[in-house]
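Engineer: Assemble the whole structure, with the sequences as input and the hints as a guide.
There are 2 protein chains.
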Amino acid sequence: MDNRPIGIFDSGVGGLTVCKAIHDLLPRERIIYFGDTQRFPYGTRSIDTVIRYSREIASYLMSRGVKMIVIACNTSSAAALDILQQEYSVPVIGVIGAGARAACKRLNGTRIGVIATRATVKSGSYVKAIKQLCPAVEVLQRHATVFVTLTEEGWIEGDIPRLAAKRYIQDMYDHGVRTLILGCTHFPLLKKAIHEVYPDIDLIDTGVEIAHEVQEILIQKNLENNGSAGDIELYASDITDTLQRLQEMFFGKNGSQIRKLVIYG
Amino acid sequence: MDNRPIGIFDSGVGGLTVCKAIHDLLPRERIIYFGDTQRFPYGTRSIDTVIRYSREIASYLMSRGVKMIVIACNTSSAAALDILQQEYSVPVIGVIGAGARAACKRLNGTRIGVIATRATVKSGSYVKAIKQLCPAVEVLQRHATVFVTLTEEGWIEGDIPRLAAKRYIQDMYDHGVRTLILGCTHFPLLKKAIHEVYPDIDLIDTGVEIAHEVQEILIQKNLENNGSAGDIELYASDITDTLQRLQEMFFGKNGSQIRKLVIYG
Numbered sequence: 379m380d381n382r383p384i385g386i387f388d389s390g391v392g393g394l395t396v397c398k399a400i401h402d403l404l405p406r407e408r409i410i411y412f413g414d415t416q417r418f419p420y421g422t423r424s425i426d427t428v429i430r431y432s433r434e435i436a437s438y439l440m441s442r443g444v445k446m447i448v449i450a451c452n453t454s455s456a457a458a459l460d461i462l463q464q465e466y467s468v469p470v471i472g473v474i475g476a477g478a479r480a481a482c483k484r485l486n487g488t489r490i491g492v493i494a495t496r497a498t499v500k501s502g503s504y505v506k507a508i509k510q511l512c513p514a515v516e517v518l519q520r521h522a523t524v525f526v527t528l529t530e531e532g533w534i535e536g537d538i539p540r541l542a543a544k545r546y547i548q549d550m551y552d553h554g555v556r557t558l559i560l561g562c563t564h565f566p567l568l569k570k571a572i573h574e575v576y577p578d579i580d581l582i583d584t585g586v587e588i589a590h591e592v593q594e595i596l597i598q599k600n601l602e603n604n605g606s607a608g609d610i611e612l613y614a615s616d617i618t619d620t621l622q623r624l625q626e627m628f629f630g631k632n633g634s635q636i637r638k639l640v641i642y643g
Numbered sequence: 379m380d381n382r383p384i385g386i387f388d389s390g391v392g393g394l395t396v397c398k399a400i401h402d403l404l405p406r407e408r409i410i411y412f413g414d415t416q417r418f419p420y421g422t423r424s425i426d427t428v429i430r431y432s433r434e435i436a437s438y439l440m441s442r443g444v445k446m447i448v449i450a451c452n453t454s455s456a457a458a459l460d461i462l463q464q465e466y467s468v469p470v471i472g473v474i475g476a477g478a479r480a481a482c483k484r485l486n487g488t489r490i491g492v493i494a495t496r497a498t499v500k501s502g503s504y505v506k507a508i509k510q511l512c513p514a515v516e517v518l519q520r521h522a523t524v525f526v527t528l529t530e531e532g533w534i535e536g537d538i539p540r541l542a543a544k545r546y547i548q549d550m551y552d553h554g555v556r557t558l559i560l561g562c563t564h565f566p567l568l569k570k571a572i573h574e575v576y577p578d579i580d581l582i583d584t585g586v587e588i589a590h591e592v593q594e595i596l597i598q599k600n601l602e603n604n605g606s607a608g609d610i611e612l613y614a615s616d617i618t619d620t621l622q623r624l625q626e627m628f629f630g631k632n633g634s635q636i637r638k639l640v641i642y643g
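Respectively, the protein sequence lines represent chains A and B. Numbers in this note's numbering are just positions in the first sequence, counted from 1, shifted up by 378. Numbers in this note's numbering are just positions in the second sequence, counted from 1, shifted up by 378.
These are calculated hints, taken from the structure and not from any lab test. Glycine included, C-beta positions come from ideal geometry on N, C-alpha and C. Warning: the hint list may mix true and false statements.
To be verified - The following residues of chain A were derived to be distant from chain B, with all beta-carbon distances above 10 Å: (1) Asp-402; (2) Thr-488; (3) Leu-528; (4) Trp-533; (5) Asp-537; (6) Ala-542; (7) Arg-545; (8) Tyr-551; (9) His-553; (10) Arg-556; (11) Gly-605.
What the hints assert, rightly or not - Just so you have them, the derived chain A footprint on chain B, three or more residues with Cβ under 8 Å: (12) 396-410; (13) 591-604.
As the list claims (entries may be wrong) - Using C-beta positions, here's what the derived DEER-type ranges look like: (14) A/Glu-434 / B/Arg-433: 25 to 35 Å; (15) B/Thr-488 / A/Ile-617: 52 to 62 Å; (16) A/Gln-463 / B/His-553: 54 to 64 Å; (17) A/Thr-427 / B/Leu-403: 31 to 41 Å; (18) B/Arg-484 / A/Ile-617: 51 to 61 Å.
Structural biologist: What follows is the structure in structure tokens.
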């Protein structure tokens, strides 16, 4: 039994979907979440900058005595996972690996689709991760930038997200994609809208997948907390309207409140 | 006759609409444009940060010998116009004043609507500027964040922008707004879509309005360039896909190319 918290970080609010998935699966685990809302979005920064930001946050989480670090941000996972794994002795895992593994395991057909931010698509990280696992699979990827804004603004139901889904996914669908990785932590909020248009596409929610990985690692390494219900500490570098709205959506009006925390100079 | 260039700056690509409006009205004027795409968006930064960024860019433009500075970014105009006016001897003008003046002049009814970014709405700058000119007018404002992404992604025609327009504008329309300020330099790209839904709303394009102000000031202060066709120098702190697409949209495939320029450490 290990009652140290799990550290989770993201470039902003999207990682709250990951935080929720981990909390739902592992309700006894304590969680410290940090969302870098002040410096969001990471997707337009250089790789070096994303690495620096990721290091700063990981260093803060380590100072809080976490037993594991979960990189909930796809862009950070693409840029900094290897580096943080080398630098820290606790397990460090990222959403890209979890998403790629789940897609290969659940593969339906010969093609996997990925929708993500422009930066994640450009990094090619999903393609590399999938090709390592299933070299024969063809990966079709596409950035879905409008989805980020729609979720940030809470426009997750109705005609607009459905029309946007058609615009982003129809071409992949016509090419036989029936397994689609939601390669941005915002996108699980659009699962319902996407399924209304494409009920037969299997949507890979990287938050749910990484929650299972967290569970496996905790069991393997004997790090589980079998104590009482785990508390969630939520921090963000800037308290924005969007953050507060999503926090309520995920954790309810009386859930964990988010506190502002500046970890850099 | 004064053949020094006019300096224009924006947080990103939106200011190209302003650049084009000024070039169309004053084709003989030389223009130096700087878009801070690397640090876009300004709307989520603190006021102090936006002031610092605006000063850095203004200082660069002054070092290039401009005869006038046009702040094409609404957020910068709200945060830094007064400061830059105090610090420099050349005329400095911003889009907010131009938009407010045009809306009051063309007022249709007793209410003016403003759609802008979240930061511009929060600053209340349009409300203050309009109230100074026409104290009796009621100002209804609303942030239209999804519009920014739709224009950045080039989704400016079809159902999605029309549905988004309804979502943002219907309430103002029902309250009698027939004069609407497009309070973000991206939004003129959506004029057609908005007019398809609301043909009787007068849309105030701050780029067109500020172009007229530039012309008036040049004439008043005897700063006009009556020489040959003015060249446009376009600079940006990062060369992105969106930037290149919009540059082509505005200035054609053979128009001025954008060069990368880093003006800060």
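Engineer: Hint by hint, say whether it matches the structure.
Structural biologist: Each hint tested on the structure:
no. : hint                              : result
1   : Asp-402                           : holds (29 Å)
2   : Thr-488                           : holds (29 Å)
3   : Leu-528                           : violated (7 Å)
4   : Trp-533                           : violated (7 Å)
5   : Asp-537                           : violated (6 Å)
6   : Ala-542                           : violated (6 Å)
7   : Arg-545                           : violated (8 Å)
8   : Tyr-551                           : holds (18 Å)
9   : His-553                           : holds (22 Å)
10  : Arg-556                           : holds (25 Å)
11  : Gly-605                           : holds (39 Å)
12  : 396-410                           : violated (count 0)
13  : 591-604                           : violated (count 0)
14  : A/Glu-434 / B/Arg-433: 25 to 35 Å : holds (26 Å)
15  : B/Thr-488 / A/Ile-617: 52 to 62 Å : violated (36 Å)
16  : A/Gln-463 / B/His-553: 54 to 64 Å : holds (56 Å)
17  : A/Thr-427 / B/Leu-403: 31 to 41 Å : holds (39 Å)
18  : B/Arg-484 / A/Ile-617: 51 to 61 Å : violated (39 Å)
When the structure is compared with the earlier hints, violations turn up for hints 3, 4, 5, 6, 7, 12, 13, 15, 18 and for no others.
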